[in-house]
Amino acid sequence: MGDSQYSFSLTTFSPSGKLVQIEHALTAVGSGQTSLGIKAANGVVIATEKKLPSILVDESSVQKMQTLTPNIGVVYSGMGPDFRVLVRKSRKQAEQYHRLYKEPIPVTQLVRETAAVMQEFTQSGGVRPFGVSLLVAGFDDKGPQLYQVDPSGSYFSWKASAMGKNVSNAKTFLEKRYTDDMELDDAVHTAILTLKEGFEGQISSKNIEIGIIGADKKFRVLSPAEIDDYLAEVE
Amino acid sequence: MSIFEYNGSALVAMVGKNCFAIGSDRRLGVQLQTIATDFQRISKIHDKLFIGLSGLGTDAQTLYQRLVFRHKLYQLREERDMKPETFASLVSAILYEKRFGPYFCQPVIAGLGDEDKPFICTMDSIGAKELAKDFVVAGTASESLYGACESMFRPDMEPEELFETLSQALLSSVDRDCLSGWGGHVYLVTPTEVKERILKGRMD
Numbered sequence: 001m002g003d004s005q006y007s008f009s010l011t012t013f014s015p016s017g018k019l020v021q022i023e024h025a026l027t028a029v030g031s032g033q034t035s036l037g038i039k040a041a042n043g044v045v046i047a048t049e050k051k052l053p054s055i056l057v058d059e060s061s062v063q064k065m066q067t068l069t070p071n072i073g074v075v076y077s078g079m080g081p082d083f084r085v086l087v088r089k090s091r092k093q094a095e096q097y098h099r100l101y102k103e104p105i106p107v108t109q110l111v112r113e114t115a116a117v118m119q120e121f122t123q124s125g126g127v128r129p130f131g132v133s134l135l136v137a138g139f140d141d142k143g144p145q146l147y148q149v150d151p152s153g154s155y156f157s158w159k160a161s162a163m164g165k166n167v168s169n170a171k172t173f174l175e176k177r178y179t180d181d182m183e184l185d186d187a188v189h190t191a192i193l194t195l196k197e198g199f200e201g202q203i204s205s206k207n208i209e210i211g212i213i214g215a216d217k218k219f220r221v222l223s224p225a226e227i228d229d230y231l232a233e234v235e
Numbered sequence: 001m002s003i004f005e006y007n008g009s010a011l012v013a014m015v016g017k018n019c020f021a022i023g024s025d026r027r028l029g030v031q032l033q034t035i036a037t038d039f040q041r042i043s044k045i046h047d048k049l050f051i052g053l054s055g056l057g058t059d060a061q062t063l064y065q066r067l068v069f070r071h072k073l074y075q076l077r078e079e080r081d082m083k084p085e086t087f088a089s090l091v092s093a094i095l096y097e098k099r100f101g102p103y104f105c106q107p108v109i110a111g112l113g114d115e116d117k118p119f120i121c122t123m124d125s126i127g128a129k130e131l132a133k134d135f136v137v138a139g140t141a142s143e144s145l146y147g148a149c150e151s152m153f154r155p156d157m158e159p160e161e162l163f164e165t166l167s168q169a170l171l172s173s174v175d176r177d178c179l180s181g182w183g184g185h186v187y188l189v190t191p192t193e194v195k196e197r198i199l200k201g202r203m204d
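Top to bottom, those sequences are chains W and X. Per the UniProt record's numbering: the first sequence = residues 1 to 235. Per the UniProt record's numbering: the second sequence = residues 1 to 204.
Because the hints were derived from the structure by calculation, they are not lab data. Watch out, some of these pointers could steer you wrong.
To be verified - Derived SDA-like pairs: lysine to any residue, alpha-carbon spacing no greater than 20 Å straight-line:
#, chain 1, residue 1, chain 2, residue 2
1, W, 92, X, 93
2, W, 142, X, 114
3, W, 102, X, 79
4, W, 102, X, 126
5, W, 102, X, 72
6, W, 142, X, 77
7, X, 44, X, 90
8, W, 142, X, 160
9, X, 83, W, 108
10, X, 72, W, 101
11, W, 142, X, 79
12, X, 117, W, 103
13, X, 200, X, 160
14, X, 83, X, 190
15, W, 171, W, 198
16, X, 83, W, 165
17, W, 51, W, 198
18, X, 44, X, 85
19, W, 102, X, 83
20, W, 102, X, 93
21, W, 142, X, 81
22, W, 18, W, 152
23, W, 165, W, 226
24, W, 102, X, 96
As the list claims (entries may be wrong) - For the chain W half of the interface with chain X, some residues (derived, Cβ under 7 Å), not all of them:
#, residue
25, 100
26, 102
27, 103
28, 158
No residue lacks a Cβ here, since even glycine has one placed at the ideal position from N, Cα and C.
With these hints in hand, go ahead and build the complete structure from the sequences.
Here's what the structure looks like:
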């Protein structure tokens with residue numbers, strides 16, 4: 001593969017016009033745990049698998065879904081530590097915006113600034129790209145929004161999307177099931193069914209995480225009890 | 001002699017029924033000498049947001065340029081105009097950045113916010129915001145302006161009445177201040193239009 005000669009330096013293009021490190025970063029994302037998001041008419045739901053390496057791990061201490069601002073939440077596929085760095089930076093940017101304008105940051109602005117950070121790491125010396133793709137769910141004056149941000153720094157707005165191990169099956173499933181006038185509760189059911197599709201083992205409230213944001217504009221991660229209720233409805 | 005009194009200025013903004021008016025004097029002086037009688041103290045940020053800057057003339061001009069710069073970038077990024085409350089927070093932050101070497105200006109901000117609700121505020125030269133429901137004043141004639149506004153203001157005035165009230169308050173106050181005057185410049189803003197009028201006062 002002629003490209004491999006050019007994969008040592010991040011800042012060098014390969015002859016085929018690719019930045020090979022970014023391709024590798026996307027591979028790292030693709031082997032991460034599945035996560036997905038669905039934009040409903042009155043809110044957004046994001047969900048992820050939470051497979052822990054051993055039964056000895058205290059699963060209540062692990063939280064993959066994070067709040068960036070009271071009305072914006074985020075989940076990832078890929079490398080957990082890289083995700084934590086991005087969450088920290090995004091939260092700081094959101095607070096800086098608020099300090100300047102005394103207004104909550106619009107979802108598009110936060111996504112754009114986070115994507116700019118990720119892009120910086122594809123064009124600076126001595127650093128590597130982030131090994132995560134983010135799904136950002138938010139509700140502001142423009143309504144519910146769902147964005148995906150890739151290691152390259154490109155971002156897309158989605159009606160429904162998936163990332164990680166089971167991405168192609170999950171996306172096909174979502175394409176079939178998605179409707180524009182879905183309510184938030186329906187979207188949660190669809191999210192659970194989509195996760196179930198590619199799930200290895202028995203799905204339960206202990207090995208998935210679901211976050212929702214509705215018209216109240218407050219992002220929250222569902223408790224295991226609430227997830228159990230939704231799982232019971234889906235059965 | 002205070003640096004705030006070097007050029008002389010008078011600014012006032014008043015809230016009416018679904019409208020606001022903002023007015024200033026037109027004198028630019030260098031202490032006792034008048035050098036211009038058409039100095040622009042009030043500037044438009046967008047159709048429903050105006051800012052008047054009293055105090056040192058050079059700082060007023062530079063600060064205005066910086067604010068227009070910030071607002072234009074905001075418009076490009078966010079694809080919308082800034083709300084008056086947001087703009088006031090921005091001005092406050094920009095002024096406080098220069099806390100230990102400030103702009104010698106006192107802004108008066110007036111705009112129509114969400115659902116065309118009138119918004120006015122003023123702040124000191126380092127960004128301490130002062131919101132008001134009725135009127136705000138600034139400049140060398142501020143003490144006279146406070147008195148005139150307090151006695152002449154009534155809530156929920158119609159646009160034409162508001163204009164009359166503000167003009168009378170402005171002209172009578174600058175007559176008691178030697179550093180401001182030489183006419184008046186009033187903007188009357190309603191949700192549908194902006195009326196700009198020059199007032200003829202005592203030219204001294």
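Each hint, compared with the structure:
For the proposed pair residue 92 of chain W and residue 93 of chain X, the alpha carbon gap of about 17 Å is at most 20 Å, so the pair holds. Between residue 142 of chain W and residue 114 of chain X, the direct Cα distance comes to roughly 15 Å. Compliance with the 20 Å bound is thereby established for this hinted pair. A distance of roughly 18 Å separates the Cα atoms of residue 102 of chain W and residue 79 of chain X; the hinted pair therefore holds under the 20 Å criterion. Between residue 102 of chain W and residue 126 of chain X the CA atoms are separated by roughly 17 Å; this keeps the pair inside 20 Å, and the hint holds.
For the hint linking residue 102 of chain W to residue 72 of chain X, the alpha-carbon distance of about 18 Å falls within 20 Å, and the restraint holds. For the hint pairing residue 142 of chain W with residue 77 of chain X, the CA-to-CA distance comes to about 15 Å; that is within 20 Å, so the pair holds. The straight-line distance between the Cα atoms of residue 44 of chain X and residue 90 of chain X is roughly 16 Å, inside the 20 Å bound, and the hint therefore holds. Among the hinted pairs, residue 142 of chain W with residue 160 of chain X is inconsistent with the structure: their alpha-carbon atoms are about 36 Å apart, more than 20 Å.
Restraint check for residue 83 of chain X and residue 108 of chain W: the C-alpha separation of about 18 Å stays at or below 20 Å, so the hint holds. Proximity of residue 72 of chain X to residue 101 of chain W is assessed by CA-CA distance (about 15 Å); at most 20 Å being required, the pair is judged to hold. For the hint pairing residue 142 of chain W with residue 79 of chain X, the CA-to-CA distance comes to about 12 Å; that is within 20 Å, so the pair holds. Of the pairs offered as hints, the one joining residue 117 of chain X and residue 103 of chain W holds, with about 18 Å between alpha carbons and a cut-off of 20 Å not exceeded.
The suggested pairing of residue 200 of chain X with residue 160 of chain X holds, with an alpha-carbon distance near 17 Å, which does not exceed 20 Å. Between the alpha carbons of residue 83 of chain X and residue 190 of chain X the distance comes to roughly 15 Å, so the proposed pair stays at or under 20 Å and holds. Only pairs whose Cα atoms come within 20 Å are accepted, and residue 171 of chain W paired with residue 198 of chain W is accepted, the gap being roughly 11 Å. For the hint linking residue 83 of chain X to residue 165 of chain W, the alpha-carbon distance of about 44 Å lies beyond 20 Å, and the restraint is violated.
Distance restraint check for residue 51 of chain W and residue 198 of chain W: the Cα-Cα separation of roughly 13 Å lies within the 20 Å cut-off, and the hinted pair is therefore satisfied. Pair hint residue 44 of chain X plus residue 85 of chain X holds up; C-alpha atoms about 15 Å apart against a cutoff of 20 Å. About 11 Å separates the Cα atoms of residue 102 of chain W and residue 83 of chain X, which keeps this hinted pair within 20 Å; it holds. As the CA atoms of residue 102 of chain W and residue 93 of chain X are separated by approximately 10 Å, the hinted pair is consistent with the 20 Å bound.
Between residue 142 of chain W and residue 81 of chain X, the direct Cα distance comes to roughly 14 Å. Compliance with the 20 Å bound is thereby established for this hinted pair. For the hint linking residue 18 of chain W to residue 152 of chain W, the alpha-carbon distance of about 11 Å falls within 20 Å, and the restraint holds. Under the criterion of a C-alpha separation no larger than 20 Å, the hint pairing residue 165 of chain W with residue 226 of chain W is inconsistent with the structure, at around 26 Å. Proposed proximity of residue 102 of chain W and residue 96 of chain X is supported: the alpha carbons are some 14 Å apart, at most 20 Å.
The beta carbon of residue 100 of chain W is positioned within 7 Å of a beta carbon in chain X (closest approach about 5 Å), and the interface hint is therefore held. For residue 102 of chain W, the interface hint holds, since its Cβ comes within 7 Å of a Cβ in chain X; the closest pair sits about 4 Å apart. The restraint placing residue 103 of chain W at the interface with chain X holds, with a minimum CB-CB distance near 5 Å, inside the 7 Å limit. A distance limit of 7 Å between C-beta atoms decides the matter here; for residue 158 of chain W the minimum to chain X is near 20 Å, and the interface restraint is violated.
Going down the numbered hints, you'll see the structure goes against 8, 16, 23 and 28, while the others check out.
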